[in-house]
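Spelled out, the chains give:
Protein chains: 2
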Amino acid sequence: MRSALAVLGMLSLATASIWPVPSVLVNGTTNTAVGSAQITAWYLSSPILAAAIRRYNMIIESEAFTPPADYDKVAPNFEGTLTGMSIVVDHEDEALSLDTDESYVLDVPVSGVAKLRAKSIYGAMRGMETYSQLLVSRGGFRFIKGTPIHIEDRPMLQHRGLLLDTARNYYPLGDILRTLDAMSFNKLNVFHWHIVDSQSWPVESKSFPNLQKQGAYAPNMQYSYEDVQEVIEYARERGIRVIPEFDMPGHTYAVGLSKPKIMSCLNKQPNWDKFAAEPPSGQLNIAKRAALDFASKMVGEYAQLFTDNVFHLGGDEVNLECWKDDPDVSTYLAANPEESVESLLVNFYAKLYSAVSAQNKTGMAWEETLFRTGYAPPKKTIIQSWIDQASIPKTVAKGYRSIASPASAYYLDCGHGAWLATAGNSWCDPFKTWMHIYNFDPLANITNVEQRKLVIGAEVALWSEQSDSTVLDARLWPRAAAMAETSWSGKVNANGHVRTTKEVLQRLHNQRFRMVGRGIMAEPLQPLWCARNPGACLVP
Amino acid sequence: MRSALAVLGMLSLATASIWPVPSVLVNGTTNTAVGSAQITAWYLSSPILAAAIRRYNMIIESEAFTPPADYDKVAPNFEGTLTGMSIVVDHEDEALSLDTDESYVLDVPVSGVAKLRAKSIYGAMRGMETYSQLLVSRGGFRFIKGTPIHIEDRPMLQHRGLLLDTARNYYPLGDILRTLDAMSFNKLNVFHWHIVDSQSWPVESKSFPNLQKQGAYAPNMQYSYEDVQEVIEYARERGIRVIPEFDMPGHTYAVGLSKPKIMSCLNKQPNWDKFAAEPPSGQLNIAKRAALDFASKMVGEYAQLFTDNVFHLGGDEVNLECWKDDPDVSTYLAANPEESVESLLVNFYAKLYSAVSAQNKTGMAWEETLFRTGYAPPKKTIIQSWIDQASIPKTVAKGYRSIASPASAYYLDCGHGAWLATAGNSWCDPFKTWMHIYNFDPLANITNVEQRKLVIGAEVALWSEQSDSTVLDARLWPRAAAMAETSWSGKVNANGHVRTTKEVLQRLHNQRFRMVGRGIMAEPLQPLWCARNPGACLVP
Numbered sequence: 001m002r003s004a005l006a007v008l009g010m011l012s013l014a015t016a017s018i019w020p021v022p023s024v025l026v027n028g029t030t031n032t033a034v035g036s037a038q039i040t041a042w043y044l045s046s047p048i049l050a051a052a053i054r055r056y057n058m059i060i061e062s063e064a065f066t067p068p069a070d071y072d073k074v075a076p077n078f079e080g081t082l083t084g085m086s087i088v089v090d091h092e093d094e095a096l097s098l099d100t101d102e103s104y105v106l107d108v109p110v111s112g113v114a115k116l117r118a119k120s121i122y123g124a125m126r127g128m129e130t131y132s133q134l135l136v137s138r139g140g141f142r143f144i145k146g147t148p149i150h151i152e153d154r155p156m157l158q159h160r161g162l163l164l165d166t167a168r169n170y171y172p173l174g175d176i177l178r179t180l181d182a183m184s185f186n187k188l189n190v191f192h193w194h195i196v197d198s199q200s201w202p203v204e205s206k207s208f209p210n211l212q213k214q215g216a217y218a219p220n221m222q223y224s225y226e227d228v229q230e231v232i233e234y235a236r237e238r239g240i241r242v243i244p245e246f247d248m249p250g251h252t253y254a255v256g257l258s259k260p261k262i263m264s265c266l267n268k269q270p271n272w273d274k275f276a277a278e279p280p281s282g283q284l285n286i287a288k289r290a291a292l293d294f295a296s297k298m299v300g301e302y303a304q305l306f307t308d309n310v311f312h313l314g315g316d317e318v319n320l321e322c323w324k325d326d327p328d329v330s331t332y333l334a335a336n337p338e339e340s341v342e343s344l345l346v347n348f349y350a351k352l353y354s355a356v357s358a359q360n361k362t363g364m365a366w367e368e369t370l371f372r373t374g375y376a377p378p379k380k381t382i383i384q385s386w387i388d389q390a391s392i393p394k395t396v397a398k399g400y401r402s403i404a405s406p407a408s409a410y411y412l413d414c415g416h417g418a419w420l421a422t423a424g425n426s427w428c429d430p431f432k433t434w435m436h437i438y439n440f441d442p443l444a445n446i447t448n449v450e451q452r453k454l455v456i457g458a459e460v461a462l463w464s465e466q467s468d469s470t471v472l473d474a475r476l477w478p479r480a481a482a483m484a485e486t487s488w489s490g491k492v493n494a495n496g497h498v499r500t501t502k503e504v505l506q507r508l509h510n511q512r513f514r515m516v517g518r519g520i521m522a523e524p525l526q527p528l529w530c531a532r533n534p535g536a537c538l539v540p
Numbered sequence: 001m002r003s004a005l006a007v008l009g010m011l012s013l014a015t016a017s018i019w020p021v022p023s024v025l026v027n028g029t030t031n032t033a034v035g036s037a038q039i040t041a042w043y044l045s046s047p048i049l050a051a052a053i054r055r056y057n058m059i060i061e062s063e064a065f066t067p068p069a070d071y072d073k074v075a076p077n078f079e080g081t082l083t084g085m086s087i088v089v090d091h092e093d094e095a096l097s098l099d100t101d102e103s104y105v106l107d108v109p110v111s112g113v114a115k116l117r118a119k120s121i122y123g124a125m126r127g128m129e130t131y132s133q134l135l136v137s138r139g140g141f142r143f144i145k146g147t148p149i150h151i152e153d154r155p156m157l158q159h160r161g162l163l164l165d166t167a168r169n170y171y172p173l174g175d176i177l178r179t180l181d182a183m184s185f186n187k188l189n190v191f192h193w194h195i196v197d198s199q200s201w202p203v204e205s206k207s208f209p210n211l212q213k214q215g216a217y218a219p220n221m222q223y224s225y226e227d228v229q230e231v232i233e234y235a236r237e238r239g240i241r242v243i244p245e246f247d248m249p250g251h252t253y254a255v256g257l258s259k260p261k262i263m264s265c266l267n268k269q270p271n272w273d274k275f276a277a278e279p280p281s282g283q284l285n286i287a288k289r290a291a292l293d294f295a296s297k298m299v300g301e302y303a304q305l306f307t308d309n310v311f312h313l314g315g316d317e318v319n320l321e322c323w324k325d326d327p328d329v330s331t332y333l334a335a336n337p338e339e340s341v342e343s344l345l346v347n348f349y350a351k352l353y354s355a356v357s358a359q360n361k362t363g364m365a366w367e368e369t370l371f372r373t374g375y376a377p378p379k380k381t382i383i384q385s386w387i388d389q390a391s392i393p394k395t396v397a398k399g400y401r402s403i404a405s406p407a408s409a410y411y412l413d414c415g416h417g418a419w420l421a422t423a424g425n426s427w428c429d430p431f432k433t434w435m436h437i438y439n440f441d442p443l444a445n446i447t448n449v450e451q452r453k454l455v456i457g458a459e460v461a462l463w464s465e466q467s468d469s470t471v472l473d474a475r476l477w478p479r480a481a482a483m484a485e486t487s488w489s490g491k492v493n494a495n496g497h498v499r500t501t502k503e504v505l506q507r508l509h510n511q512r513f514r515m516v517g518r519g520i521m522a523e524p525l526q527p528l529w530c531a532r533n534p535g536a537c538l539v540p
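So the protein sequences, as listed, match chains A and B.
Under the numbering used here, residue 540 is the last one in the first sequence; the count climbs by one each step, no gaps.
Under the numbering used here, residue 540 is the last one in the second sequence; the count climbs by one each step, no gaps.
Heads up, a few of these hints could be off.
[Unchecked claim] One side of the interface only, derived from the structure: several residues of chain A facing chain B at Cβ under 10 Å:
no.	residue
1	S200
2	A218
3	P280
4	L420
5	N439
6	L443
7	K502
8	L505
9	L528
10	R532
11	A536
12	P540
Hints are computed from structural coordinates only; laboratory data are not their basis.
All residues carry an ideal CB built from backbone N, CA and C; glycine is no exception.
Chain A with its partners taken away, still in its complex shape (with noise of 0.2 Å):
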């Protein structure tokens, strides 16, 4: 399927710059002038491919995106006219899962309708955000370069996710909704929602009340359940899927400010790094019926809130010097001699997943809950490897599935210093430049084809210790955007040829220009001059 790319110039760019690189694009020469570039759909029942229409119908409305490079160029000569863009979808299915195929292929004549074709409707938002970063704006005239084009495109990994933790710190609604625009331009498609955390529970419970009353940081600082579904729907118009994490049994000290009963070693200071990666200490009590079933029925109600297939149930940072420390779990062990600490974190578990699997979903994991315990997941559970690079190839050797998520690459708030008053660096600096974001390769020291196959995705990270509303973009983008493209595209042309980020640098340039205008406050990569005088400020 992957033919030829016809490569895409390092530093002219004369043809189209897209941001992921499809598969496959075959272009001409000539410049097709925009009379109109309305997308229209051949037949239409699904209102998500509705909505993304008019959505897109309004991007390329309003945007009028000339590449950094171009900014002293004349309009060129035309050679045709484009008369509007028309979509073809094999099946109008909503769903939206793991298994959802997004690819497309897209054709724009020299003169006339360009075509989108697509097995799904959310193949078709991808051609879409493909079609609209094809249109350029140069001289007061909107025209496509390098007509006529051809373009297959499809995902190398099917999970492109991006994790947002806003219990650190707290992120306004619009905040989210910006960050899945974001998400979609760069056709990343799973928007990770560590919502909840040892500092805050700003998510509603219908349940549990007290949860969010006592855990949120302020009335104004909640995530309702209107919330959630307004942040579901409007990432599923974008083919983003939601993947909720609650974490436990660590990271759960907000739940002890309305049951503390059910936990342990809450908020011990000063020395809380006995107990805990970071203050405030707290996990939930394994030795309590009362934890167990608090959990499994927190989990059975935003299983249903949450409507994707897969639940993140955490499992990271575990420290079992919190429960040894705990006088109920020594009397409890006291009683139960054939019982231990890590038995009951096994029997923790083993309740949770199965809390998971009654609601038909699958589980998704921190890398610890398989490593550093001796329960073993069911099968089908995805593996969020974090701590090195090396977690990667151990789980898939171990036959589970893998998101490659380690903070050495992926981690997008290290490099900003210790946080705890003193001088020094964070335990995962340096800042990850999109360089280093750029050259790292998931699959890297995994042979085995199965075990390839197995590695299903990759996720940057923004945890929030250091961040909240007032930086979010610059934090993300365009450093996210360069895991979009690798996720996406590969690092590989077809031709083997491996893409650099020397030759990437332009595109990029042109990626965080276009989301900029787009509303997205992404920081720049080099003074301006540099993003005019494409390949003028490079290492000799």
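With chain A's structure known, arrange chain B on it following the hints.
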């Protein structure tokens, strides 16, 4: 003068939370309700002071600042009521210079009118900022904690600056004005405007209009004379001097766009690194009379436009290879065997500094002018030390005044990785955290009392290769506030106690949230939970 400082409570902050901390703060234990906080002046002739009073009255009227740790506290009992504040200024001279007296004395009684006394109108502004920071809101009430309060305050360093590079990337006028506001909230008093560089020449020139016509990024990316005058006026109303920098003879590629004949090594590619610290290369051709005449005339023009007594001539990162490689320079040197590239450079500087002196101004220069050429600048020249900490003692040992701007502590752009499309760190990694900045002592390793007096200032710098309007506030704040405190207050309390970052954390949280409330998108230091729970997020 510096009597015992009532040590600010490390955790509880039962009393005032002022940033930067005053030299002397003696306070009581009662709380005073705010009846009126409006500021009046006993006698008022200065329009600048009148503008400052109007500004602070607006801030006072609109601000309802609740320190994060007070979020859930109700209003305390009040034992008195504030009925306003009155200012007495010894003289209403509006001159603003390095020697301006910024001291003030502020008294807030348990009941009645607060009194602010200052020697100058600019000291009065510092006192009004302090006064505005005393006001706290809680449960619908505004009050002042810990009255009666007596404050005596004055800066340790005369020059407390912030450098903004508006050439690598452009900042709209509003960004600069907002930055001046933020500076005034932190008692900074010098805006070092690194206005031009190789990448662009955004400032209007009347003598050489093609400079900005060809050198600015775009017609709407320029600072007109009126814009510059607005910046200077806006700054003066906040007690901030504007020191312009016209960096020469290096960092001048943008001049070459309109005046290629007076340039050397213009945009050498791809081996720009032989000729410049970063692309594009280009230096004024010091062998050409026309280049010297241009530089002198240009300095003459801008020394008129920029009213401050200090004029920065740059002089950093001059590259001798650029000239040695220039055929015109070679021809000149062949015809003038008594000359050398070095002697030409000395001659160039002599002419430049004469042009500055002719305008009755004091020159300011990057340290290379002093240390890396044969030129001896006039003794009153202010030397900016940036290469490392050791540059500061070296400078004052030579009898020159030093502004401390070591890249290792005060460069706010560092830590964002390389920007030349190759993975790798930046030359000045890591990121300078606020703790790092706070811990730096400009006077380190200088024991001689006379030499210590020559360290007249400190300056943080934001070079803009990887910054523009999208990220400005968060790159600057609250980190610049860390230097604002150490340069205003020093690091040692009157009782000899050296403040630690642990101790000042909570006040800095307050200052950060106060700034966000005033419209400055300063980045968060920690999870909000930490800001609300003083002392709970420290390294054990």
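Hint check results:
1. S200: At about 7 Å, which falls below the 10 Å cut-off, the nearest Cβ of chain B leaves the hint on A/S200 intact, so it holds.
2. A218: holds, 7 Å
3. P280: Constraint on A/P280 satisfied, holds at 6 Å.
4. L420: Check passed: Cβ of A/L420 comes within 5 Å of chain B, closer than 10 Å.
5. N439: holds, 5 Å
6. L443: Nearest chain B Cβ about 18 Å off; hint violated.
7. K502: It holds, given that the least Cβ distance between A/K502 and chain B is near 5 Å, below 10 Å.
8. L505: For A/L505, the interface hint holds, since the closest Cβ of chain B sits about 4 Å away, which is under 10 Å.
9. L528: Constraint on A/L528 satisfied, holds at 6 Å.
10. R532: holds, 8 Å
11. A536: With a closest approach of 6 Å, the A/A536 hint holds.
12. P540: With a closest approach of 5 Å, the A/P540 hint holds.
In this structure, the one hint that does not hold is number 6.
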